[in-house]
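There are 2 protein chains.
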Amino acid sequence: MHPLLKKKGFVIDIDGVIGRSVEPIKEGVNGVKKLIELGKKVVFVSNNSTRSRRILIQRLKSFGLDFGEESIVSATHATARFIAREKEGAKVFTTGEEGLKEELLNAGLKIVDYEDAEYLVVGSNRKIDYDLMTKALRCCLRGTRYIATNPDKIFPSENGPTPGTGMIIGALYWMTGRMPDVIVGKPSKVIMLEALEKLNLSAEDVVVVGDQIEVDVVAGKNIGSTTLLVLTGVANKSDVERSDIKPDYVAESLESLFS
Amino acid sequence: MHPLLKKKGFVIDIDGVIGRSVEPIKEGVNGVKKLIELGKKVVFVSNNSTRSRRILIQRLKSFGLDFGEESIVSATHATARFIAREKEGAKVFTTGEEGLKEELLNAGLKIVDYEDAEYLVVGSNRKIDYDLMTKALRCCLRGTRYIATNPDKIFPSENGPTPGTGMIIGALYWMTGRMPDVIVGKPSKVIMLEALEKLNLSAEDVVVVGDQIEVDVVAGKNIGSTTLLVLTGVANKSDVERSDIKPDYVAESLESLFS
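In order, the protein sequences belong to chains A and B.
Those letters in the first sequence? Residues 10 to 268, per my numbering, in order.
Those letters in the second sequence? Residues 10 to 268, per my numbering, in order.
No wet-lab data here; the hints were simulated from the structure.
Zero decoy hints are in this set.
No copy is singled out in the list; a pair is fine if it fits within one copy or between any two copies.
Here are the simulated DSS-like cross-link-like pairs (lysine-lysine), alpha carbons at most 30 angstroms apart as the crow flies:
id, residue 1, residue 2
1, K136, K119
2, K43, K15
3, K16, K230
4, K16, K198
Quick caveat, the model's predicted, so the values are computed rather than measured.
Kindly produce the complete structure, drawing on both the sequences and the hints.
Printed below as a string of structure tokens:
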């Protein structure tokens, strides 16, 4: 038996591990099913900043995986939880899409225009425009507390590279010299601690599984968990050799833990 | 007589010197009229990246100043001239507005979609959207030669600060690590050399007049001209004292050269 299968819980990245956009990765999906059969606790963590957990649950279902909200931590959800813990019912202005707004409202936060905002929440938006950027700029200039859902620079869409949340972070940094006060998504500890809380396990009892060294492996190391890099997504073997950041384990896929 | 009035030519900034957006600055407009009466050669230089020279001429006319295209260098025009000199009839993709496109076409360049572009021309656009940013991102990733109209971070509009061209530069830098290969607008020499060519004078024969130390004074120093900072715009006396960059002369307004 693979030594990782002695751990109690698994924190699993979605894109590049169990799916590529709307397409399932068979070896990833099978791996999850086998973990569940073994009685392991599982939580999925996604840096996606435009979808609510509800949408991610539907996607998992389309892959043949049946999980509820308690098993999903998205950057949208973790951002909303983080702010609600800091200030219950806080007033937030966001650059983000409906999926992020849904999570902010679900956490009891109020969505307001920028003049009244206690928080600026930056998340990617495929309908970003000059007006939204102007409002975010003015929040930065006013010193509004500034939270970003994730630091992802480029999002690999079906038809090629598209801007990630980092586009807005970079634009605001260039204009104002301000970086987010808190970045929630991987490799930040914020989203990972939320995942541990969902599992009700401590860091040493879990394996952090992902396909990106700089994102998933670093996130795992940031909380002191054991890390598994799978080669079904972005990283390949030569990336691992070249990188200074070494995952504890490397596997062809999540399912290959069982072979 | 003020020593600067011995110089043959004046390179004059528009915003903060002779106007504030659509409102004229009386002392600036009078100063220009007196320079003309003295037989001085005058050229106006603007970092504006959304207006063609045609529009700037209309604005000067509304201030009571009657000048033609030969007396205006805008970042839009200088960008178009710069590219046309490098490659006649080049194919360009631009993030910019109609004013920039008008100048690019006037210079004999072809406006194309990003896949066919030999040049990426970044200029501010109040209708910027995710699609335009995606195309600019892909140009950067492909290594397309990248020219920016100006480096301005924030544009002070009538109702408050709004994003300048720098918003796009910062976003692209953050996502790809690429800065523009050439920035045309002040403080770059590119736009200033275009102004000297319009005057048909050498740098030592002209005075560079502006209201911003980091923009206009630096631009003047970059070509080795004498610089005059006027206090009708952004900078005030304490800014001058605090700055390491010292203008050769400081005056309350352009007209105060005559008092």
